[in-house]
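Visitor: Numbering (full-length UniProt numbering), first residue to last: 1 to 107.
Derived by calculation from the structure, the hints in this document are not laboratory data. Some clues are possibly wrong.
To be verified - Pair ranges (Cβ atoms, derived): (1) N79 - G38: 15 to 23 Å; (2) I39 - R5: 16 to 24 Å; (3) I30 - S63: 19 to 27 Å; (4) R78 - G38: 19 to 27 Å; (5) A86 - S21: 19 to 27 Å; (6) G38 - K80: 17 to 25 Å; (7) N48 - W89: 13 to 21 Å; (8) K35 - E81: 33 to 41 Å; (9) N36 - K80: 34 to 42 Å; (10) S49 - A17: 18 to 26 Å; (11) R5 - N36: 18 to 26 Å; (12) S63 - R5: 35 to 43 Å.
Ideal Cβ positions, reconstructed from N, Cα and C, are used throughout, including at glycine.
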Amino acid sequence: GDLQRINIQLDFGDGSAVSYSNFSKIEDGIRHVYKNTGIYQVTAYAENSIGIDSSILYLHVTSPLEYVHLRVPFVAIRNKEANASAVVWPSHSGTLIHVWWIGNSTK
1 GDLQRINIQL DFGDGSAVSY SNFSKIEDGI RHVYKNTGIY QVTAYAENSI GIDSSILYLH
61 VTSPLEYVHL RVPFVAIRNK EANASAVVWP SHSGTLIHVW WIGNSTK
């Protein structure tokens with residue numbers, strides 16, 4: 001039904017962005033490589049027939065990373081907790097600090 005018609009847009013904060021429409025679960029996640037160190041604002045927008053939501057992650061890249069794997073639930077319900085995680089590779093890349101910006105507060 002219409003609940004499964006979801007549009008997702010990801011802006012990686014370095015001038016590149018991707019859009020997905022009417023897709024099934026992405027098993028390997030979405031991968032992106034940052035070529036330079038810096039602070040990036042990664043923004044995700046999701047929309048379906050019920051509504052629209054967005055989330056912002058500030059990512060401070062201090063050393064070369066092969067990839068950052070962002071994992072979020074396929075379906076999220078308003079006012080209900082949802083688990084989100086970020087995994088970086090290589091795992092020995094040093095200290096990683098990330099801030100999720102959801103709604104009007106940091107998490």
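Visitor: Take the hints in turn and mark each one as holding or not.
Guide: Going through the hints against the structure:
1. Between N79 and G38 the C-beta distance comes to about 34 Å, which lies outside the given range of 15 to 23 Å.
2. Hint check: I39 to R5, Cβ distance near 34 Å, so the stated range 16 to 24 Å is violated.
3. Taking 19 to 27 Å as the suggested C-beta distance range, the pair I30 and S63 conforms, at roughly 21 Å.
4. Distance hint check for R78 and G38: the Cβ-Cβ separation is about 33 Å, which falls outside the suggested range of 19 to 27 Å.
5. Separation of A86 from S21 is about 24 Å and conforms to the stated range, judged on CB atoms against 19 to 27 Å.
6. Between G38 and K80 the C-beta distance comes to about 34 Å, which lies outside the given range of 17 to 25 Å.
7. Evaluation of the 13 to 21 Å hint for N48 and W89 yields a failure: the beta carbon distance comes to about 31 Å.
8. The hinted range of 33 to 41 Å is satisfied by K35 and E81, whose Cβ atoms lie roughly 35 Å apart.
9. For the pair N36 and K80, the supplied restraint of 34 to 42 Å holds, since their beta-carbon distance comes to about 37 Å.
10. Between S49 and A17 the Cβ separation comes to about 23 Å, which falls inside the hinted range of 18 to 26 Å.
11. For the pair R5 and N36, the supplied restraint of 18 to 26 Å is violated, since their beta-carbon distance comes to about 36 Å.
12. Here the CB-CB span from S63 to R5 is close to 40 Å, well matched to the stated 35 to 43 Å.
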